[in-house]
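Let's have the full structure, built from the sequences with the hints guiding it.
Residue numbers (my numbering), protein chains in the order written: chain A, 1 to 326; chain B, 1001 to 1326.
By construction, these hints were calculated from the structure, which means they are not laboratory data.
No experiment lies behind these values; they were computed from the predicted model shown.
Please note: incorrect hints may appear among the correct ones.
[Stated by the list, open to error] Derived SDA-like pairs: lysine to any residue, alpha-carbon spacing no greater than 20 Å straight-line:
#, chain 1, residue 1, chain 2, residue 2
1, B, LYS1215, A, MET12
2, B, LYS1046, A, LEU212
3, B, LYS1215, A, SER50
4, A, LYS306, B, THR1005
5, B, LYS1245, A, PRO102
6, A, LYS245, B, ASN1103
[To be verified] Here are the computed distance ranges between Cβ atoms for each label pair:
#, chain 1, residue 1, chain 2, residue 2, range
7, B, ASP1207, A, PRO115, 25 to 33 Å
8, B, GLY1101, A, ARG18, 40 to 48 Å
9, B, ALA1299, A, GLU175, 30 to 38 Å
10, A, ASP207, B, THR1297, 26 to 34 Å
C-beta: ideal position from N, C-alpha, C; glycine also.
Number of protein chains: 2
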Amino acid sequence: MAVYTHLGAEEMSALIARFDVGTLVSAKGIAEGVSNSNWLLETTGKDGASARFILTMYEFRIELEDLPYFLSLLDHLAAKGCPVPRTIHDREGNLFVSEYGPNGDKALALIEYLPGVSVSTPTAGQARAVGAELARLHLAAADFPASRANGMGVAEWQRLAAACGPEGLARINPELAEIVASELPRLAASWPADLPAGVIHADLFPDNVLMLGDKVTGLIDFYFACNDLIAYDLAVTHVAWCFDKNDAFQPDVSQALIEGYESVRPLSAEERAALPLLGQGAAMRFAMSRAWDWLNTPADALVTPKDPMGPARRLGFYKANPQVFA
Amino acid sequence: MAVYTHLGAEEMSALIARFDVGTLVSAKGIAEGVSNSNWLLETTGKDGASARFILTMYEFRIELEDLPYFLSLLDHLAAKGCPVPRTIHDREGNLFVSEYGPNGDKALALIEYLPGVSVSTPTAGQARAVGAELARLHLAAADFPASRANGMGVAEWQRLAAACGPEGLARINPELAEIVASELPRLAASWPADLPAGVIHADLFPDNVLMLGDKVTGLIDFYFACNDLIAYDLAVTHVAWCFDKNDAFQPDVSQALIEGYESVRPLSAEERAALPLLGQGAAMRFAMSRAWDWLNTPADALVTPKDPMGPARRLGFYKANPQVFA
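This is how it looks when you write it as structure tokens:
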């Protein structure tokens, strides 16, 4: 939500010169990313036509290890026609600029700018389009050679729950502590292992989808992408798209999302049967990361932490209503 | 430095429909503004050609009173050929959208997007161009009908100094407390009153100038604009442009800035003679606002407050070296 590093025109111009994208015309720091800085750039373009890009500066070492996975995944998916931003390689062919900055501890990547805006209240038509694009992503990634473990899997939910502690969770909401105590062991014990696995986006909230009307123009923010159960990605997307601001289930959006998905990649009987459980797990994953953020965000921070009770209530909904996936 | 309010695609589209600028194609929250939220928007444009704008949401009532002054000043200056963003009026001809949001306490303005980037280390050629544009602004504003007092004038420096207190200033730097104790009463007592007055930008730091090479493509951020001594604006710009990161005076940049200014609006003998004092006042103004921010920014805030010692040292430089304006 901030730009951590100031880059003046001179530094930005020198940086852009490492890429074959023309010269700098404009650079605006954009309020995206939590631990990295982002700019929307305009250049004169390779052939004199104006071109736009997103420049990301990775500020912390911890982010660098997986950068080749994320950026080469974008290239792989874009080459197969998925609406994801292409990575712009530098003049030497590198996926990103490494060892940048006075201490050489930062990295920079340039990706394509895509048009579109993120919706707040998805319609069924929009959910159908997103379901279809998610399925296309899963198919397109089938031959992606790299692999990355899911850092936000079951073990991490358990670690976050322990780090918050029952008292911490109860301080947020007594109901949350009860849900975690009763549901997390059950989910961990029954989590499926034998469903089809592959590359998943793992965070496809409406914020991470650019749309123009009912058309998906961009799937963005792949920093949680990993290899995990493919149907779990549909469950994450379901948690993110099929409830309104007041956590009310939207049956038409849900049906459209699943139909859209299956119009491209039909679910197996096992995947379909697992969806109620995968939905509960997806809800638990966001409840736990939000609970941790809730307890660890300074009171005077500019960023308002998201309420973990939204996903926690959705978990209860999935448990009580498995038929929405039938 | 943040986007305080989330506007989804639906809300943003409805908002854009109030203006004759086509339909929404993209919206990125940009990391500009301290107490307002800003977005860089792309639309299909009036005539089907892509167009870009900056949308600003004013979050706090206190900002609204002076909005007509700021926005109509942009229109006035743009009409006279100054490189400032035009205000886009809504379909009913209003300068801005008022009574916006669930509580009706916000306002929104749409202004033109301008290309260009802000330099970090100005060259003499860039300072010359900025001097000339500042002078053109002063001439173009001569018949601007509205008026606004300078909220950051001598009385405000005194108020801020008192609010920080000698202990607070000494906590920042003992030298700062001494400078304020000895120089502020002297500046207040000798501040000129009979120099030519008019509309001034009052905050023309490199951050507020968009450039492409040596060409000024945009003068932006008019939220300190007011009616005050015209030569004081040149003094503010001098403080902001003519010293490097280590507070070392840059004689070639200084000479170019003043020459550029005088190539369009020659200074009177009285204005020139007052510049050393006006420079000290401009330095005091930024030292005091920064001192207050320094003492009142939470330790864990994302924004790093600017060091008041930079302008404080420049004050000493001007006092010791009045000949730089001779």
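To see whether the hints hold, each was checked on the structure:
no., hint, result
1, B:LYS1215 x A:MET12, "holds (17 Å)"
2, B:LYS1046 x A:LEU212, "holds (18 Å)"
3, B:LYS1215 x A:SER50, "holds (19 Å)"
4, A:LYS306 x B:THR1005, "holds (14 Å)"
5, B:LYS1245 x A:PRO102, "holds (15 Å)"
6, A:LYS245 x B:ASN1103, "holds (18 Å)"
7, B:ASP1207 x A:PRO115: 25 to 33 Å, "holds (28 Å)"
8, B:GLY1101 x A:ARG18: 40 to 48 Å, "holds (43 Å)"
9, B:ALA1299 x A:GLU175: 30 to 38 Å, "holds (34 Å)"
10, A:ASP207 x B:THR1297: 26 to 34 Å, "holds (29 Å)"
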